[in-house]
Structures are given as C-alpha cells and as structure tokens.
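Novice: Following our numbering, the numbering of the sequence shown begins with 1 at its first residue and continues without gaps.
Hints are not guaranteed to be accurate.
[To be verified] Here are the simulated DSSO-like cross-link-like pairs (lysine-lysine), alpha carbons at most 27 angstroms apart as the crow flies:
| no. | residue 1 | residue 2 |
| --- | --- | --- |
| 1 | K10 | K105 |
| 2 | K172 | K149 |
| 3 | K10 | K172 |
| 4 | K105 | K86 |
| 5 | K86 | K110 |
| 6 | K149 | K86 |
| 7 | K21 | K103 |
| 8 | K30 | K172 |
| 9 | K64 | K105 |
| 10 | K30 | K110 |
| 11 | K10 | K37 |
| 12 | K56 | K10 |
| 13 | K103 | K37 |
| 14 | K103 | K30 |
| 15 | K103 | K56 |
| 16 | K10 | K110 |
| 17 | K172 | K86 |
| 18 | K56 | K30 |
| 19 | K64 | K86 |
| 20 | K30 | K64 |
| 21 | K30 | K105 |
| 22 | K56 | K37 |
| 23 | K149 | K30 |
| 24 | K21 | K10 |
| 25 | K110 | K64 |
| 26 | K64 | K10 |
| 27 | K149 | K10 |
| 28 | K37 | K110 |
| 29 | K105 | K21 |
| 30 | K110 | K149 |
| 31 | K110 | K172 |
| 32 | K21 | K172 |
| 33 | K149 | K64 |
| 34 | K30 | K86 |
| 35 | K103 | K64 |
| 36 | K56 | K172 |
FYI, nobody ran anything at the bench for these hints, they're computed from the structure.
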Amino acid sequence: MGFKFKTENKLETKLLTNWDKNIVALPVFKDVPRLIKNLRVVDETGQYIFTGNNNKDERAVLIKQFFITIASRLEDYHTLNIINTKYDIMITDNQSKMEIPAKLKDFFEKSGILEDCPTFRILKCIQQEILVPPVMELREHIYGSFPYKDQHGTWRVEVEFGTSNLIVRHNKCEQTHSQEPTEQFRF
Numbered sequence: 001m002g003f004k005f006k007t008e009n010k011l012e013t014k015l016l017t018n019w020d021k022n023i024v025a026l027p028v029f030k031d032v033p034r035l036i037k038n039l040r041v042v043d044e045t046g047q048y049i050f051t052g053n054n055n056k057d058e059r060a061v062l063i064k065q066f067f068i069t070i071a072s073r074l075e076d077y078h079t080l081n082i083i084n085t086k087y088d089i090m091i092t093d094n095q096s097k098m099e100i101p102a103k104l105k106d107f108f109e110k111s112g113i114l115e116d117c118p119t120f121r122i123l124k125c126i127q128q129e130i131l132v133p134p135v136m137e138l139r140e141h142i143y144g145s146f147p148y149k150d151q152h153g154t155w156r157v158e159v160e161f162g163t164s165n166l167i168v169r170h171n172k173c174e175q176t177h178s179q180e181p182t183e184q185f186r187f
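Please put together the full structure from these sequences, using the hints given.
Specialist: So, in structure tokens, the structure goes:
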C-alpha cells in the first residue's frame with residue numbers, strides 16, 4: 001500500500017507537514033498511550049480487529065497489540081520482528097522507573113525501525129498536532145459567532161483498512177461555553 005498525497009488547499013498542506021517530521025519530534029509517544037483506550041482498528045470487512053480499553057495496567061501490552069495489528073498488515077517480516085522482540089525488551093519487560101511515554105520515545109529512537117515505515121507513518125497521524133490545522137480553521141470561521149471549547153475525554157481515533165486504502169479518522173467533540181440552556185450546543 002503506497003502513500004501518495006495530493007494537496008489541493010492550505011489545510012491539506014498544513015496537515016501533511018507532519019509527514020516530514022521525525023516521529024520523536026511529534027507527540028506520538030505521549031498521545032498513543034493516553035489514546036489507547038479510545039483507539040480502534042477496522043479491517044476491510046468492517047470488523048474491529050483491535051479495540052483499546054481503559055485498563056491502565058494493560059496499557060503497554062495494548063500499545064504493542066495495536067502496533068502489531070497495524071504492522072502485520074503493512075510491514076515486512078524484519079520490521080514486524082523488531083516490533084515483536086524489541087518492544088518487549090524496551091517497554092513491556094523494562095523495569096526502569098521511566099513512564100510509558102518516555103519508554104515509547106526511546107523505542108522510536110533506538111529500535112532500528114526505519115523512520116518511513118508504514119507503521120510509523122500511521123502513528124504520525126495519531127497525535128494532537130495533526131488536529132491543529134482543522135481546529136484552527138473551525139476557530140477562525142465559527143468561534144466568533146458560536147464560542148465553544150473542547151469536551152474532555154471525547155477524542156477517539158479509528159484506523160480503517162480498505163481494500164486499496166487506509167483511513168485514520170479522528171472524532172472529537174466540542175461544546176458551548178455558555179451555561180444558558182437555550183445556548184447549549186455540541187458538535
């Protein structure tokens with residue numbers, strides 16, 4: 001599955017700047033652990049092949065399962081083997097006091113996985129900086145008339161494999177600032 005993009009507008013161009021950045025320069029290592037509870041992967045038939053959960057004790061294992069779910073569909077044997085072996089050594093079995101995000105950043109830097117591998121390219125789409133351009137567009141066009149704010153805990157990400165494409169879909173809710181019942185809204 002190749003990665004080809006066409007840019008037709010400034011928003012797309014801003015979104016694609018993430019692809020040029022090194023994975024450790026993006027907040028992937030922080031965002032994937034906190035989003036794992038709301039991450040899902042869907043196969044070509046519409047079946048969920050990975051669904052995260054909110055068990056913090058299983059977070060490291062869930063992240064590996066998520067990586068393997070993605071990599072097993074996109075990567076060669078060598079890259080999949082690195083994920084399978086080095087992830088456990090560097091993260092799951094690592095008894096250091098480092099938190100999962102720090103271990104994950106270390107894994108991205110030192111595992112030997114190539115920066116442009118498909119799994120890392122997908123991960124680059126699962127972080128907060130990718131949301132900034134569309135959020136700023138909304139703020140620019142809607143916020144003046146309808147002030148709103150983030151609705152905490154509503155960010156969900158779904159990776160959907162198609163027969164010839166892959167979609168990373170973010171769902172996030174916003175809500176009104178107002179406390180007046182007649183001025184309540186959510187989108």
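Novice: For each hint, tell me whether it holds in the structure or not.
Specialist: Checked hints:
1. K10 with K105: With a Cα-Cα distance of about 30 angstroms, the restraint between K10 and K105 is violated, given a limit of 27 angstroms.
2. K172 with K149: Answer holds: K172 to K149 is near 11 angstroms, not above 27 angstroms.
3. K10 with K172: holds (22 angstroms)
4. K105 with K86: holds (13 angstroms)
5. K86 with K110: Given pair K86, K110 holds - Cα atoms ~9 angstroms apart, limit 27 angstroms.
6. K149 with K86: Violated. K149 to K86 sits at ~40 angstroms, over the 27 angstroms cutoff.
7. K21 with K103: With Cα atoms ~20 angstroms apart, K21 and K103 stay inside 27 angstroms; holds.
8. K30 with K172: holds (18 angstroms)
9. K64 with K105: holds (14 angstroms)
10. K30 with K110: Holds, at about 17 angstroms.
11. K10 with K37: Violated: K10 and K37 sit about 32 angstroms apart, past 27 angstroms.
12. K56 with K10: Roughly 38 angstroms separates the two Cα atoms, so the pair is violated.
13. K103 with K37: holds (18 angstroms)
14. K103 with K30: The hint holds at about 10 angstroms.
15. K103 with K56: Given that 27 angstroms is the threshold and the Cα spacing comes to 15 angstroms, the pair holds.
16. K10 with K110: violated (34 angstroms)
17. K172 with K86: It is violated: about 33 angstroms lies between the C-alpha atoms, which goes past 27 angstroms.
18. K56 with K30: Holds, at about 14 angstroms.
19. K64 with K86: holds (10 angstroms)
20. K30 with K64: Holds, because 15 angstroms separates the two Cα atoms, which is no more than 27 angstroms.
21. K30 with K105: holds (8 angstroms)
22. K56 with K37: holds (9 angstroms)
23. K149 with K30: holds (22 angstroms)
24. K21 with K10: The given pair, whose Cα atoms are some 18 angstroms apart, holds under the 27 angstroms limit.
25. K110 with K64: holds (16 angstroms)
26. K64 with K10: violated (35 angstroms)
27. K149 with K10: holds (24 angstroms)
28. K37 with K110: Distance of about 26 angstroms is within 27 angstroms: holds.
29. K105 with K21: holds (14 angstroms)
30. K110 with K149: The given pair, whose Cα atoms are some 38 angstroms apart, is violated under the 27 angstroms limit.
31. K110 with K172: violated (32 angstroms)
32. K21 with K172: Distance of about 24 angstroms is within 27 angstroms: holds.
33. K149 with K64: violated (33 angstroms)
34. K30 with K86: holds (19 angstroms)
35. K103 with K64: holds (12 angstroms)
36. K56 with K172: Distance ~22 angstroms between K56 and K172 Cα, so the pair holds.
The structure shown violates the earlier hints numbered 1, 6, 11, 12, 16, 17, 26, 30, 31 and 33.
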